[in-house]
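Residue numbers (our numbering), protein chains in the order written: chain U, 1 to 154; chain B, 155 to 310; chain L, 311 to 465.
Hints were generated in silico from the structure; no laboratory data involved. Be careful, since some hints might not be right.
Said to hold, decoys possible - In silico lysine to any residue, SDA-like type, Cα no more than 20 Å apart, as pairs: (1) L/K380 <-> B/H292; (2) L/K458 <-> U/G57; (3) U/K148 <-> L/E453; (4) U/K148 <-> B/A156; (5) B/K249 <-> B/F291; (6) U/K148 <-> B/K205; (7) B/K249 <-> L/D454; (8) B/K249 <-> L/E322; (9) B/K303 <-> L/D454; (10) L/K458 <-> B/S285; (11) L/K458 <-> U/L111; (12) L/K432 <-> B/M155; (13) U/K148 <-> B/D299; (14) L/K432 <-> B/A156; (15) B/K249 <-> L/R333; (16) U/K148 <-> L/E325.
So the chains spell out like this:
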Amino acid sequence: MDLEERVQRLEAIEAIRRLKIAYARVADDGYDGDRISAFFTEDAVWDGGESFGVHRGRAAIKALFDGIPEQISFALHYMVGQTIDVDLAAGSATGHWYLWAPMTINNAATLGAITYDDEYRNVEGTWLASRMRVNIHFITPYEDGWVKTPMLPG
Amino acid sequence: MASLEDRVQLLEDIEAIRRLKIRYARLCDTGYDGGKLAALFTEDAVWDGGKEFGVQNGRGAIGAMFDDMSNDLTFALHYMIGHTIDVDPSGTSAKAHWYLWEPMTYQGRAILNAITYDDEHRKVDGEWLFSRMALTFHFLTPYEDGWVKTRMVTDG
Amino acid sequence: MADLEERVQRLEAIEGIRRLKIRYAQLCDANYDPPGLTALFTEDAVWDGGDLGRYEGHDQIRGFWEGASKAFTFALHYMIGHTIDVDPPFTSGTGHWYIWEPATVNGRAVFLGATYDDVYQKVGDNWRFKQVNANLHFFTPYEDGWVKTPMMPMD
Chain U
1 MDLEERVQRL
11 EAIEAIRRLK
21 IAYARVADDG
31 YDGDRISAFF
41 TEDAVWDGGE
51 SFGVHRGRAA
61 IKALFDGIPE
71 QISFALHYMV
81 GQTIDVDLAA
91 GSATGHWYLW
101 APMTINNAAT
111 LGAITYDDEY
121 RNVEGTWLAS
131 RMRVNIHFIT
141 PYEDGWVKTP
151 MLPG
Chain B
155 MASLEDRVQL
165 LEDIEAIRRL
175 KIRYARLCDT
185 GYDGGKLAAL
195 FTEDAVWDGG
205 KEFGVQNGRG
215 AIGAMFDDMS
225 NDLTFALHYM
235 IGHTIDVDPS
245 GTSAKAHWYL
255 WEPMTYQGRA
265 ILNAITYDDE
275 HRKVDGEWLF
285 SRMALTFHFL
295 TPYEDGWVKT
305 RMVTDG
Chain L
311 MADLEERVQR
321 LEAIEGIRRL
331 KIRYAQLCDA
341 NYDPPGLTAL
351 FTEDAVWDGG
361 DLGRYEGHDQ
371 IRGFWEGASK
381 AFTFALHYMI
391 GHTIDVDPPF
401 TSGTGHWYIW
411 EPATVNGRAV
421 FLGATYDDVY
431 QKVGDNWRFK
441 QVNANLHFFT
451 PYEDGWVKTP
461 MMPMD
């Protein structure tokens, strides 16, 4: 690999890392659907599994996030421990992340532990998320902990 | 000043070492496969868990320790955070410091673990490995207690 | 597109600033080493924590760390999720960070959740803080959590 490509790879890793942090910050700033869906490709899939459902396309992702503040009135998305693999020739990448999230859900202090399996695509020079798979390890009432209540009911 | 090539190499080395630590975290969180974890260490590596968890010398001992770990440690998430990585000018060895935040389930109990690491690395055949991992435990507390009431569950 | 030299400079600046913040965390967690921390700030720097107070210049900033080292007998500063912006000639920058901090304050276990907005300046070969704005989201006794007690009094 020549020096130009090596620098491109480092830049892509940094741009994708930054994309995920931007997603975290918009989520923590009230989950604005327009702003958050702009981080996704038109045909993106946000896959929240059985708990949060599968949402296809930018419009569906916007609607999902617009509805979240009804329940989640406060959150801090601590995005940690990324592994980002870039295919420069294809203009695509994959990523794995850890999330630690203290939240207030329906007025109750709640701790969330999540990992993500993401896919990204470079669209006209900008990295966007084309798929986000959310793996929930626990979402527990603060006073219970993950052994007593690994997953909030509902 | 270092050449552009050397400067890019340094950035790549930092990223490769950061990634090695995250790979370690993910293997821990997906069942502590001793063989796969041991492969991240040099043959003569030392895993130093201090007085609480003892010292393992060599790849074989490190792998065996991890194979045993999943019996009691049924769930863990290793949030690896806040690295400083210093690569030696030779480009073949490095030192690193990390923070770990780790919610876990040990023998059926919810535990919060806070560790910092002092790691040493060697580049072997083009691949960065751990040659030493030293753990400092700040607390290992039952979730219902917190670190003021019970700093180290192992003291009980 | 910028030339290769400039692109590498940008990546180096981001890494240099990231490292400065982690060094800050490490010194906070070494009982708030007041001289060590103060040396990470420019002479005219401002540390602004809102309700935690505003400290300007090396003397005030050092005094703040001395106070912190008495109240916080234990802390771990988990610095996370940075967004760092730098532009040529890469002698200044801005950053946003998250912090998760378990600590022991006046004998009580607490969780602190905050974000930072920082301004950085390069002094010689080293990055320094010119401004640190700490925005506290919660500072809660361990046994309460952030809904019951979002902000515990400091004293």
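Worksheet item: Is the Cα-Cα distance between B/K249 and L/D454 20 Å or less?
Response: Status violated; Cα separation ~39 Å.
Worksheet item: Keeping to a limit of 20 Å between CA atoms, is the pair of B/K303 and L/D454 held or broken?
Response: It holds: about 15 Å lies between the C-alpha atoms, which stays within 20 Å.
Worksheet item: Does the alpha-carbon distance linking U/K148 and L/E325 stay inside the 20 Å limit?
Response: 41 Å, violated
Worksheet entry | Proposed proximity, U/G57 with L/K458 (alpha carbon, max 20 Å) | 38 Å, violated
Worksheet item: Going straight from one Cα to the other, do L/K432 and B/M155 come out at no more than 20 Å?
Response: 17 Å, holds
Worksheet item: Within 20 Å, alpha carbon to alpha carbon, are B/K249 and B/F291?
Response: Given that 20 Å is the threshold and the Cα spacing comes to 19 Å, the pair holds.
Discussion item. Check the hint pairing L/K432 with B/A156 against an upper bound of 20 Å on the C-alpha distance.
Written reply: 19 Å, holds
Practice prompt. Below or equal to 20 Å on CA atoms is what counts here, so check L/K458 against B/S285.
Written response: 46 Å, violated
Fill in: Given hint U/L111 paired with L/K458 - CA-CA distance at most 20 Å
Given that 20 Å is the threshold and the Cα spacing comes to 14 Å, the pair holds.
Discussion item. Given the hinted pair U/K148 and B/A156, is their Cα-Cα distance within 20 Å?
Written reply: Answer violated: U/K148 to B/A156 is near 55 Å, above 20 Å.
Worksheet item: Under the criterion that the straight-line Cα-Cα distance not exceed 20 Å, is the pair U/K148, L/E453 satisfied?
Response: OK: U/K148 and L/E453 at ~16 Å, within 20 Å.
Worksheet item: Hey, B/K249 versus L/R333, does the alpha-carbon distance stay inside 20 Å?
Response: 15 Å, holds
Hint violations for this structure: numbers 2, 4, 6, 7, 10, 16, all remaining hints satisfied.
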